[in-house]
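Chemist: Sequence:
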Amino acid sequence: MSTFDLENPLPILSILPTEAGEWLTTLPWDQRRYILSLCHLICATPPTQQAEFLDAYTAEGLLSQIAADTDTRRRVNEHLKRFHCKTELNDDTFRHYIRHVYLHSIQNTERRPELYLETVLMLIGSARKRSSVLCYILGFEILKLLFLMSWAQHERLSSLQVNKEQFHRTFIHPVQQVHQRSGIVVPRGEKEFFARRDYYIQQPKLSQQQLVNLLIKSFNADKIIEIGFTVLRHPNAIHFDHDYIYVAE
Numbered sequence: 477m478s479t480f481d482l483e484n485p486l487p488i489l490s491i492l493p494t495e496a497g498e499w500l501t502t503l504p505w506d507q508r509r510y511i512l513s514l515c516h517l518i519c520a521t522p523p524t525q526q527a528e529f530l531d532a533y534t535a536e537g538l539l540s541q542i543a544a545d546t547d548t549r550r551r552v553n554e555h556l557k558r559f560h561c562k563t564e565l566n567d568d569t570f571r572h573y574i575r576h577v578y579l580h581s582i583q584n585t586e587r588r589p590e591l592y593l594e595t596v597l598m599l600i601g602s603a604r605k606r607s608s609v610l611c612y613i614l615g616f617e618i619l620k621l622l623f624l625m626s627w628a629q630h631e632r633l634s635s636l637q638v639n640k641e642q643f644h645r646t647f648i649h650p651v652q653q654v655h656q657r658s659g660i661v662v663p664r665g666e667k668e669f670f671a672r673r674d675y676y677i678q679q680p681k682l683s684q685q686q687l688v689n690l691l692i693k694s695f696n697a698d699k700i701i702e703i704g705f706t707v708l709r710h711p712n713a714i715h716f717d718h719d720y721i722y723v724a725e
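Each residue of the sequence shown is one higher than the last, beginning at 477 in this note's numbering.
No lab work stands behind these hints: they were computed from the structure. Some clues are possibly wrong.
Below, computed lysine-lysine pairings styled on DSSO-like, alpha-carbon distance capped at 30 Å [unchecked claim]:
hint, residue 1, residue 2
1, 699, 620
2, 640, 681
3, 640, 557
4, 620, 640
5, 557, 699
6, 693, 640
7, 562, 640
8, 681, 557
9, 620, 557
10, 640, 699
11, 681, 699
12, 693, 557
13, 620, 693
14, 562, 693
15, 562, 699
16, 620, 562
17, 681, 693
18, 681, 562
19, 620, 681
Derived DEER-like restraints, expressed as beta-carbon distance ranges [what the hints assert, rightly or not]:
hint, residue 1, residue 2, range
20, 631, 498, 55 to 61 Å
21, 492, 646, 27 to 33 Å
22, 494, 550, 52 to 58 Å
23, 496, 702, 38 to 44 Å
24, 684, 550, 22 to 28 Å
25, 575, 520, 19 to 25 Å
26, 511, 645, 50 to 56 Å
27, 722, 699, 22 to 28 Å
28, 510, 685, 20 to 26 Å
29, 490, 641, 22 to 28 Å
30, 528, 632, 41 to 47 Å
31, 488, 718, 51 to 57 Å
Every residue gets a Cβ at the ideal spot worked out from N, C-alpha and C, and that includes glycine.
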């Protein structure tokens, strides 16, 4: 019969951070049995309940770690105000977006709640990954603005950019494609001035849930994080003039 050699641990332990592995292998038996009981409970619990437990169990510590990144948090908040976003950076926002990142990251696979543990461990173990949550928040909020703009407003926003064609190709075109596919904006009589103007100035009407679902389907999580990171790194990456963009039609 094989035995578990703590000096030569099983491969599964090599996945853990060094500190966690050392802590686990030095636990006395009376504490080790608690770990075994927890492992048994987690394995026997349905995936959805696993996610709920992990969310509740890790939330306070994870939120405090993200909130502790005061410099990134301050800069994200400044940009949210610059773009006239109403979202406030508080614990409720962080908790909401942590789950968002998890769900969005696995959108192209089966949405398995058991993967939530991997997301939580990744965020706890990496300061860079925790900063990516803040970048994701910024990128997501910017894209929400684009989805709610009329095509005329898109045009004015594009005109402000240094590289207008690239900006339109990267951001505006994908959003307008979704508008058309979803029947949110239906171009009719494009060669007729007044008909064109009618749909061109049409303000998209979307519920919060519709907005989120469309955005997640249109941009993957890495792209949204990249948008937020780019704006944080280069403040003028997206030029924005609220009064000009939202001038009355």
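Chemist: Now tell me if each hint is right for this structure.
Modeler: Evaluated hints:
| no. | hint | in the structure |
| --- | --- | --- |
| 1 | 699 / 620 | 14 Å, holds |
| 2 | 640 / 681 | 26 Å, holds |
| 3 | 640 / 557 | 23 Å, holds |
| 4 | 620 / 640 | 20 Å, holds |
| 5 | 557 / 699 | 22 Å, holds |
| 6 | 693 / 640 | 24 Å, holds |
| 7 | 562 / 640 | 27 Å, holds |
| 8 | 681 / 557 | 23 Å, holds |
| 9 | 620 / 557 | 14 Å, holds |
| 10 | 640 / 699 | 19 Å, holds |
| 11 | 681 / 699 | 25 Å, holds |
| 12 | 693 / 557 | 26 Å, holds |
| 13 | 620 / 693 | 13 Å, holds |
| 14 | 562 / 693 | 23 Å, holds |
| 15 | 562 / 699 | 22 Å, holds |
| 16 | 620 / 562 | 11 Å, holds |
| 17 | 681 / 693 | 18 Å, holds |
| 18 | 681 / 562 | 18 Å, holds |
| 19 | 620 / 681 | 12 Å, holds |
| 20 | 631 / 498: 55 to 61 Å | 59 Å, holds |
| 21 | 492 / 646: 27 to 33 Å | 39 Å, violated |
| 22 | 494 / 550: 52 to 58 Å | 32 Å, violated |
| 23 | 496 / 702: 38 to 44 Å | 30 Å, violated |
| 24 | 684 / 550: 22 to 28 Å | 26 Å, holds |
| 25 | 575 / 520: 19 to 25 Å | 23 Å, holds |
| 26 | 511 / 645: 50 to 56 Å | 52 Å, holds |
| 27 | 722 / 699: 22 to 28 Å | 25 Å, holds |
| 28 | 510 / 685: 20 to 26 Å | 41 Å, violated |
| 29 | 490 / 641: 22 to 28 Å | 49 Å, violated |
| 30 | 528 / 632: 41 to 47 Å | 44 Å, holds |
| 31 | 488 / 718: 51 to 57 Å | 53 Å, holds |
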